[in-house]
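Chains as they are written, first to last, in the UniProt record's numbering: chain C, 1 to 153; chain F, 1 to 138.
If you are wondering where the hints come from, they were derived from the structure by calculation, not from laboratory data. One thing to keep in mind: the hints can contain errors.
[Unchecked claim] Dumping the calculated DSSO-like pairs for lysine-lysine here, alpha-carbon to alpha-carbon at most 30 Å: (1) F:Lys42 x C:Lys73; (2) F:Lys67 x F:Lys53; (3) F:Lys76 x C:Lys61; (4) C:Lys54 x F:Lys42.
[Said to hold, decoys possible] These stretches of chain C come out as covered by chain F in the derived footprint (C-beta under 8 Å, 3 or more residues): (5) 23-32; (6) 80-86; (7) 122-133.
Every residue gets a Cβ at the ideal spot worked out from N, C-alpha and C, and that includes glycine.
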Amino acid sequence: MSEEIVFDCLHAEIVNYCLNNSKDQNDLGTLEYIGFTTGYRLIERLTRDVGRFKDELETMKFICTDFWTLIYKKQVDNLRTNNYGMYVVQDKAFRFLTRISPGSKQLEQAPKFVAFTCGLVRGALSNLGINSTVTAEVQTIPACRFHIEVNRG
Amino acid sequence: MAFCIAVIGKDNAPLYLATSDVERELDLQYHVHAALDVVEEKCVIGKGAPESKELYLGQLFSTENHKIYGFVTNSKIKFIVVIDSSNIALRENEVRAIFRNLHMLYTDAVCNPFYIPGEQLTFKKFDRAVQKLMSGNV
């Protein structure tokens, strides 16, 4: 438990640091980019002892199980796809949101706590050869949904 | 005794190349380049086949003087090792161990925040470790 809190605190500080340094409070680009580079490097290490991925879906499954477990200590609750390059990952208790109390005012602040993860997933997929766009959607805290759109061609 | 270890990036650009014999470096580089085609072939044809799950590709091809082995990571980084045909001390298992160590070194290098992915690997620490890997096996 005490080890896990360190990552939560670090994440909260990164969020504060990035947003206080930028002029626009809604500028999440820096956060997303930090996530991207982290994911890009991290996946290199995480896939070291894993066999080659057969296809896109297998890669996504890896992200939802192994990758998610290592970072958030739990698996995602649901992974859905339309088989045309659109994936929806649902986490009913997203780690960075579990410490925030539910409410409409808090909901406005939610985007800055999911931007890092969007980048993380995008970076990991990018290094595995999948070019994608990742967006997040928070309807009620602490549930979160990530939309991964694979850019083909 | 010739020995060569090369790291090739996603777009087939060389990231790192080390040889034990500087005079024959060019010749060894040709072998590495020739091996890339074989790597590509193995990765495409092997799709779906159960044995292709492994990152280690085995011996890619051999010439009169050299044996060339390959390894491709999940992120499409290629490792190529060229050894002398006369070198019988290195068997399949030893080559496997070299790749495993090299993979370990590479992942550590990528996690270095000063390394920009896709650039050449110029770290002294990485270089020293690879040289050690080579000298331990020649």
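30 Å Cα cutoff - pair C:Lys54, F:Lys42: Satisfied, since the Cα-Cα distance of roughly 14 Å is no more than 30 Å.
Outcome, coverage hint (the segment 122-133 of chain C, chain F; C-beta under 8 Å; three residues): holds (count 3)
Compare the distance between the alpha carbons of F:Lys42 and C:Lys73 with 30 Å, and conclude whether the hinted pair is satisfied. Cα-Cα ~36 Å, so violated.
30 Å Cα cutoff - pair F:Lys76, C:Lys61: holds (19 Å)
Would you check the hint for F:Lys67 and F:Lys53, treating anything up to 30 Å between C-alpha atoms as holding? holds (23 Å)
Verdict on chain F covering the segment 23-32 of chain C, where coverage means 3 or more residues with a C-beta closer than 8 Å: violated (count 0)
Coverage claim, chain F over the segment 80-86 of chain C, checked by counting residues with Cβ within 8 Å (three needed): That given contact is violated, which follows from only 0 residues of the segment 80-86 of chain C lying within Cβ reach (below 8 Å) of chain F.
When each numbered hint is compared with the structure, violations occur for hints 1, 5, 6.
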